[in-house]
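S.K.: Sequences and hints are given; from them, build the entire structure.
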Amino acid sequence: MTGMTGTERIKKALQIQEPDRVPFIEMPNAIIREKLLPGSTIYDAIEHFDLDAIEIDDRGYPGYLTEQVGENLFRNQWGTIVRTVTGTLPHPVEPLIKSEQDVETWQLPDPDDPARFKLIREMVKRYKGQRSIIASFADPFNVANEVRGAASHYMDFVRNPDLVDRLSEMVKGYYIRYMRNCVEAGADVVRITGDYATTKWPMLSREHFIRHVIPVLKELVDEAKNLGVFAMKHTDGNIYPILDLIVDTGINGLHPIDPNAG
1 MTGMTGTERI KKALQIQEPD RVPFIEMPNA IIREKLLPGS TIYDAIEHFD
51 LDAIEIDDRG YPGYLTEQVG ENLFRNQWGT IVRTVTGTLP HPVEPLIKSE
101 QDVETWQLPD PDDPARFKLI REMVKRYKGQ RSIIASFADP FNVANEVRGA
151 ASHYMDFVRN PDLVDRLSEM VKGYYIRYMR NCVEAGADVV RITGDYATTK
201 WPMLSREHFI RHVIPVLKEL VDEAKNLGVF AMKHTDGNIY PILDLIVDTG
251 INGLHPIDPN AG
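Per the numbering used here, residue 1 is the first one in the sequence shown, and the count goes up by one each step.
Please keep in mind that the hints were generated in silico from the structure rather than gathered at the bench.
All C-beta atoms in this analysis are idealised placements derived from N, C-alpha and C, irrespective of residue type, glycine included.
Among the clues, some could well be false.
Unchecked claim - DSSO-like cross-link-like pairs, simulated, lysine-lysine; straight-line CA separation at most 30 Å: (1) K12 x K128; (2) K11 x K225; (3) K218 x K118.
Claimed, not checked - Computed beta-carbon distance windows for the label pairs: (4) R206 x F24: 29 to 39 Å; (5) E100 x L73: 23 to 33 Å; (6) I42 x D248: 34 to 44 Å; (7) G173 x M27: 18 to 28 Å; (8) D50 x E122: 16 to 26 Å.
M.R.: The structure is reproduced here in structure tokens:
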């Protein structure tokens, strides 16, 4: 078996079949890319390393950070204040939803904004059929953790589970629409990102995952399959205590199996 395209390799692997070689996927970091290939573009890196897939993360499109509010501080599309550090994803420093009343005025971003899909359409035009196109977006659990603030969100699972579900449902609704638009634009895989565990153990009890988190993940996976594309889940950390729950959602792939990352 030789001469497969990147798209074919990814498809084989996600169907639990054997491709001609292990598929190679990477998200070239701008700083590292410049060190390895001075003056290069993202397209140069894709072709230089002959990547089998291109991943487009929704946090990377130009409108994700909506306004600057301080030195290296920005408000993102969810309303959270984040700090930017060159070469890394923005890190949340101030939540938006500080009380249950704040949910009433929370304005979600527009999942139909054409600017969100400009890059994915460019990648589809260049590489569709040769390299798999992966649309990557955050797990509703992780978005809610960001907009509510991690400490408050974790306490909500015990003190205010209805708020947990409400936030999750709102974000899920956004991402279902966003996912449909990505597939319409040409994506053939979706990857739902966001960690469920630290290096020691999952971030929640198994019971809380079963009640609040896994059903939402399954709805997103089911929607991806209804749209005719593959669904992958990303989470770092020691997920072994909940690994069966994640797999049972029907995902086609899990990345990574790395308890030391988290």
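S.K.: With reference to the structure, classify each hint as holding or not holding.
M.R.: Now the hints, each set against the structure:
no.: 1; hint: K12 x K128; verdict: 16 Å, holds
no.: 2; hint: K11 x K225; verdict: 13 Å, holds
no.: 3; hint: K218 x K118; verdict: 28 Å, holds
no.: 4; hint: R206 x F24: 29 to 39 Å; verdict: 34 Å, holds
no.: 5; hint: E100 x L73: 23 to 33 Å; verdict: 26 Å, holds
no.: 6; hint: I42 x D248: 34 to 44 Å; verdict: 36 Å, holds
no.: 7; hint: G173 x M27: 18 to 28 Å; verdict: 27 Å, holds
no.: 8; hint: D50 x E122: 16 to 26 Å; verdict: 19 Å, holds
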